[in-house]
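Q: Chain order of the listed sequences is A and B. When we follow the working numbering, the leftmost residue of the first sequence carries the number 1, and every step to the right adds one. When we follow the working numbering, the leftmost residue of the second sequence carries the number 1, and every step to the right adds one.
Any given hint could be a false lead.
[To be verified] Computed spacing ranges between beta-carbons, pair by pair:
{"hint": "1", "chain 1": "B", "residue 1": "73", "chain 2": "A", "residue 2": "50", "range": "29 to 35 Å"}
{"hint": "2", "chain 1": "B", "residue 1": "57", "chain 2": "A", "residue 2": "11", "range": "42 to 48 Å"}
{"hint": "3", "chain 1": "A", "residue 1": "53", "chain 2": "B", "residue 2": "40", "range": "31 to 37 Å"}
{"hint": "4", "chain 1": "B", "residue 1": "20", "chain 2": "A", "residue 2": "72", "range": "40 to 46 Å"}
{"hint": "5", "chain 1": "A", "residue 1": "52", "chain 2": "B", "residue 2": "85", "range": "40 to 46 Å"}
{"hint": "6", "chain 1": "B", "residue 1": "56", "chain 2": "A", "residue 2": "56", "range": "33 to 39 Å"}
[Claimed, not checked] Within a straight-line C-alpha distance of at most 16 Å, the following computed EDC-like cross-link-like pairs (lysine to aspartate or glutamate) qualify:
{"hint": "7", "chain 1": "B", "residue 1": "78", "chain 2": "B", "residue 2": "29"}
{"hint": "8", "chain 1": "B", "residue 1": "99", "chain 2": "A", "residue 2": "104"}
{"hint": "9", "chain 1": "A", "residue 1": "65", "chain 2": "A", "residue 2": "96"}
{"hint": "10", "chain 1": "B", "residue 1": "99", "chain 2": "A", "residue 2": "96"}
{"hint": "11", "chain 1": "B", "residue 1": "70", "chain 2": "B", "residue 2": "26"}
{"hint": "12", "chain 1": "B", "residue 1": "55", "chain 2": "B", "residue 2": "86"}
{"hint": "13", "chain 1": "B", "residue 1": "99", "chain 2": "A", "residue 2": "58"}
{"hint": "14", "chain 1": "A", "residue 1": "7", "chain 2": "A", "residue 2": "26"}
{"hint": "15", "chain 1": "B", "residue 1": "73", "chain 2": "B", "residue 2": "52"}
In case anyone wonders, no lab produced these hints; they're calculated from the structure. Ideal Cβ positions, reconstructed from N, Cα and C, are used throughout, including at glycine.
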Amino acid sequence: SAVISQKPSRDICQRGTSLTIQCQVDSQVTMMFWYRQQPGQSLTLIATANQGSEATYESGFVIDKFPISRPNLTFSTLTVSNMSPEDSSIYLCSVEGGRTPYNEQFFGPGTRLTVL
Amino acid sequence: AQTVTQSQPEMSVQEAETVTLSCTYDTSESDYYLFWYKQPPSRQMILVIRQEAYKQQNATENRFSVNFQKAAKSFSLKISDSQLGDAAMYFCAYRGAQKLVFGQGTRLTINP
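Modelling step: build the complete structure from the supplied sequences, incorporating the hints.
A: Structure below.
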């Protein structure tokens, strides 16, 4: 299976600022995804990061708030813009394809974000 | 849209005993995959077991097994010989033609 790293692992940010989270995979993958997990909740898909084109956002998530980049098949970034305390969550990236079995998603260790 | 329901917010079991976590789902698709993920306090999502809908045989991974009832749209997870390291949030998930959909999770506590 793929080995996935995320940076930073945690951060505490001030309201109104932005944070960029990085996701790095040790091998080429077909699909990369970004999820949000609010405190005590399940995972909600934010968007699918598409290599070489704009990300595909789920209902309730917009590019201005969560811009995503995917410059190649092993790397993606998620930016949380103009943060408010409601953005305090764990943000996880996941991958499919490449060395991972068909239709299985493997997750990074997550980034715990606290907004004051 | 597909939905996944875990009706047990919390479960507890004595160490070395067996516990079953419930999951039901709703879909009109005929081809799909089902998963159980474990999320310990470290927050890393770990894939526990997967089941392809076209397979009648229930998946098994060491102490973890599933009871897949396709007609009833039920997908329960059985953990045998529970260990302290099994304590975590467990999420049932559905993957059809589109995205991965998660249930609300069940928090499993292991009592020594």
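Q: State, for the Cβ atoms of residue 57 of chain B and residue 11 of chain A, whether the hinted interval 42 to 48 Å holds or is violated.
A: holds, 45 Å
Q: Determine whether the Cβ-Cβ distance between residue 56 of chain B and residue 56 of chain A falls within the hinted range of 33 to 39 Å.
A: holds, 34 Å
Q: Does residue 99 of chain B pair with residue 104 of chain A here, judged by a C-alpha cut-off of 16 Å?
A: Holds - the C-alpha atoms of residue 104 of chain A and residue 99 of chain B are around 11 Å apart, at most 16 Å.
Q: Residue 55 of chain B and residue 86 of chain B were given as a pair; does the straight-line alpha-carbon distance stay at or below 16 Å?
A: Answer violated: residue 55 of chain B to residue 86 of chain B is near 27 Å, above 16 Å.
Q: Given the proposed pairing of residue 78 of chain B with residue 29 of chain B, does the C-alpha separation stay at or below 16 Å?
A: This hinted pair is violated, its Cα atoms lying about 25 Å apart.
Q: With the threshold set at 16 Å, check whether the alpha-carbon distance from residue 7 of chain A to residue 26 of chain A stays at or below it.
A: Judged against 16 Å, a Cα distance of about 14 Å means the pair holds.
Q: Could you say whether the range 31 to 37 Å given as a hint is met by the Cβ separation of residue 53 of chain A and residue 40 of chain B?
A: Holds, since residue 53 of chain A and residue 40 of chain B (Cβ atoms, about 35 Å apart) stay within the stated range.
Q: For the pair we were handed, residue 73 of chain B and residue 52 of chain B, check the Cα-Cα distance against 16 Å.
A: holds, 13 Å
Q: Check whether the Cα positions of residue 65 of chain A and residue 96 of chain A lie no farther apart than 16 Å.
A: violated, 25 Å
Q: State, for the Cβ atoms of residue 73 of chain B and residue 50 of chain A, whether the hinted interval 29 to 35 Å holds or is violated.
A: Holds: the Cβ-Cβ distance is about 31 Å, inside 29 to 35 Å.
Q: Quick one, are residue 70 of chain B and residue 26 of chain B close enough, alpha carbons at most 16 Å?
A: holds, 11 Å
Q: Would you say the C-beta atoms of residue 52 of chain A and residue 85 of chain B sit inside 40 to 46 Å of each other?
A: Cβ of residue 52 of chain A to Cβ of residue 85 of chain B: about 41 Å, so the range 40 to 46 Å holds.
Hint compliance for this structure: hints 7, 9, 12 are broken, all remaining hints hold.
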